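**Q** Each chain, letter by letter, is given below.
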Amino acid sequence: MALALLVAVSSALVVLAAPPAGNGSISGKVTYTGTPPKMKPIDMSKEPTCAKQHATPVMTENLVTGPGNALQDVVVYISAGAPETSAPTQTLRYDQKGCQYLPHVLAMEANQPFEIYNDDQTSHNIHPLAKVNPEWNKSQPPGTPPIQAKYEKPERIPVKCNIHPWMHGYFIVLNTSHFSVTGDDGSFSLKDLPAGKYTVTAWQEQSEPQTQDVTLGAGESKSVNFTFKVLPY
Amino acid sequence: MRMKNAAVSFFSGVAFVVFLAAGTPCSAQIDHNITPVTTTAQSKVGSMTGHAYGVVDSGAQVYRRYCVGCHGPAGDGNGENAQWIDPKPRDFTAATFKCRSTPTGTLPTDEDLYDSITRGFVNSNMPSWRPLPPDIRANLVAMVKSFSPRWQTEKPGTPIQITAETPVTIESVLHGRELFQKMECWKCHGPAGKGDGPSASTLTDSQNNPIKPFNFSAGDRFKCGATNADLYRDFMTGLDGTPMPSFADVIKPEEAWDLVHFLRTLQPMDTKERELWKSYAAAHKTDIKPIGPDTGAQ
Numbered sequence: 000m001a002l003a004l005l006v007a008v009s010s011a012l013v014v015l016a017a018p019p020a021g022n023g024s025i026s027g028k029v030t031y032t033g034t035p036p037k038m039k040p041i042d043m044s045k046e047p048t049c050a051k052q053h054a055t056p057v058m059t060e061n062l063v064t065g066p067g068n069a070l071q072d073v074v075v076y077i078s079a080g081a082p083e084t085s086a087p088t089q090t091l092r093y094d095q096k097g098c099q100y101l102p103h104v105l106a107m108e109a110n111q112p113f114e115i116y117n118d119d120q121t122s123h124n125i126h127p128l129a130k131v132n133p134e135w136n137k138s139q140p141p142g143t144p145p146i147q148a149k150y151e152k153p154e155r156i157p158v159k160c161n162i163h164p165w166m167h168g169y170f171i172v173l174n175t176s177h178f179s180v181t182g183d184d185g186s187f188s189l190k191d192l193p194a195g196k197y198t199v200t201a202w203q204e205q206s207e208p209q210t211q212d213v214t215l216g217a218g219e220s221k222s223v224n225f226t227f228k229v230l231p232y
Numbered sequence: 000m001r002m003k004n005a006a007v008s009f010f011s012g013v014a015f016v017v018f019l020a021a022g023t024p025c026s027a028q029i030d031h032n033i034t035p036v037t038t039t040a041q042s043k044v045g046s047m048t049g050h051a052y053g054v055v056d057s058g059a060q061v062y063r064r065y066c067v068g069c070h071g072p073a074g075d076g077n078g079e080n081a082q083w084i085d086p087k088p089r090d091f092t093a094a095t096f097k098c099r100s101t102p103t104g105t106l107p108t109d110e111d112l113y114d115s116i117t118r119g120f121v122n123s124n125m126p127s128w129r130p131l132p133p134d135i136r137a138n139l140v141a142m143v144k145s146f147s148p149r150w151q152t153e154k155p156g157t158p159i160q161i162t163a164e165t166p167v168t169i170e171s172v173l174h175g176r177e178l179f180q181k182m183e184c185w186k187c188h189g190p191a192g193k194g195d196g197p198s199a200s201t202l203t204d205s206q207n208n209p210i211k212p213f214n215f216s217a218g219d220r221f222k223c224g225a226t227n228a229d230l231y232r233d234f235m236t237g238l239d240g241t242p243m244p245s246f247a248d249v250i251k252p253e254e255a256w257d258l259v260h261f262l263r264t265l266q267p268m269d270t271k272e273r274e275l276w277k278s279y280a281a282a283h284k285t286d287i288k289p290i291g292p293d294t295g296a297q
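So the sequences go chain by chain: A and B. For the first sequence, position 31 (counting from the first letter as 1) is numbered 30 according to numbering that gives the first Met the number 0, and the numbering increases by one without interruption. For the second sequence, position 89 (counting from the first letter as 1) is numbered 88 according to numbering that gives the first Met the number 0, and the numbering increases by one without interruption.
Everything labelled a hint here was simulated from the structure, so no lab data went into it. Owing to the predicted nature of the structure, the values given are computational and were not obtained by experimental measurement. Mixed in with the good hints, there may be bad ones.
[What the hints assert, rightly or not] Subject to a maximum C-alpha distance of 20 Å in a straight line, what follows is the list of computed DMTMM-like cross-link-like pairs (lysine to aspartate or glutamate):
1) A:K28 with A:D184
2) A:K221 with A:D191
3) A:K28 with A:D183
4) B:K154 with A:E134
5) A:K130 with B:D75
6) A:K45 with B:D269
[Said to hold, decoys possible] According to the in silico footprint, chain B covers these stretches of chain A (three or more CB under 8 Å from chain B):
7) 120 to 128
8) 156 to 167
Just so it is clear, CB atoms sit at the ideal spot from N, CA and C, and this is done for glycine as well.
The following block holds chain A by itself, in its conformation from the complex (with noise of 0.2 Å):
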């Protein structure tokens, strides 16, 4: 009786300490079909600092392409499913450098801190256009230390800087840490779940996001792959 009692107090506890954490993954390549409108140079020379930190004029980065028809810059996430998962502790970090966001898509979990860097010489005003969440709107000249924030809601927040027009990117706060950022080779994986059904999306700043449900055996790697259609405008 108190053996029975002692295994199942110390199981809750194993329950407690650790969330359902499996080992299996969802991971696949998203691509594009058509014609991907071509991305422009970006004039960069009334802010000078940043003109000669690049050699090439930088390209806008509404639909950036890799090769192989990949896609990059997706965000791949659990949309609904996914176990819960403890506080995010990692801090994410956000740089300002050569007037441009790197990266050019944040993704981060709901509550998860971040830290806003200007490695420029020039002043940049970092603008999130929340709408869900507060928005705010704050300067920070060369040499002054990282901006500290957080989102508290999952909202898809565009982000830009007033003084250099053509800054934009995106912060996508998510419900869940199980996301994926794709990179030039469009790849993307999910790991760390446990058995179970889920909604994967995948989102991309101009397209419609696209949704698949995939179903996780215990221990189980499946290979899910987003194409995104896509118009020379």
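With chain A's structure known, arrange chain B on it following the hints.
**A** Showing chain B alone in chain A's frame:
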């Protein structure tokens, strides 16, 4: 929900009194189409008005009469006149306000909203509502707050401290001028403060409508008040919903005063700052570096 809120206010002593005094006489004529909730909004506005709580029910009636044409029945700034108006009427559902005493990204205090209603906004279609009695303006504050759920879960920010103004000296003016260059104020407001900086033509507000940076040479029709303390507050809080950011984390209080003193030299009125600058500029014609891109990065 309505009953519950009414019950809550019923048991909070002061609110009850005010509810009887101001809420009840009007409540028979309320148009419930534009009354999202019946609640009393806690407010310190009472210290100014002798009216301790704004009452939404009473505010709704006045709102319908004076505000709905522009701000709309849902408070989203889409009233029937909105399409003809520039700048657009405020969207209260976002709870983002230009003129606040609180840090960027936080809710304004009731006093801030009360002041905005009282002052009106120059260079816009929003008139001053000073002719309305103070208690009615307080009720409008409660009404404005009823349009966004943020007021249910968030508290207003802690108002920024406005330090005692530093003396007006030429050193202060010159340092303010340096900051005007260094903080890139001129990128939007222009090297001479005429609102014609290199980024000026690209600016949009958060609703993506074009917006002009302030032209200091046009006078002192400042939206959020024209005193030196008002300008100080503008830098520190930023004007949320517009391209004007907050400098609270990056300039010190005395620097903000220096900037205020410099801005007064850009204005056409005769001020002490302008006199100081004029005589300095006359004596140092050759060694004044112009503001703008030619001076290079600091």
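**Q** Run every hint past the structure and note whether it holds.
**A** Each hint, compared with the structure:
The straight-line distance between the Cα atoms of A:K28 and A:D184 is roughly 8 Å, inside the 20 Å bound, and the hint therefore holds. Proximity of A:K221 to A:D191 is assessed by CA-CA distance (about 12 Å); at most 20 Å being required, the pair is judged to hold. With a C-alpha separation of about 10 Å, the suggested pair A:K28 and A:D183 falls inside the 20 Å cut-off, and the hint holds. Restraint check: the Cα-Cα separation between B:K154 and A:E134 comes to about 15 Å, which is no more than 20 Å; the hinted pair holds.
Taking the CA atoms of A:K130 and B:D75, the gap is near 13 Å; set against the 20 Å cutoff, the hint holds. This hinted pair does not check out: A:K45 and B:D269 have alpha carbons roughly 34 Å apart, beyond 20 Å. Check result for the region 120 to 128 of chain A against chain B: holds, 7 residues qualifying (beta carbon to beta carbon below 8 Å, three or more required). Residues of the region 156 to 167 of chain A lying with their CB closer than 8 Å to a CB of chain B number 4, which satisfies the three-residue condition for coverage.
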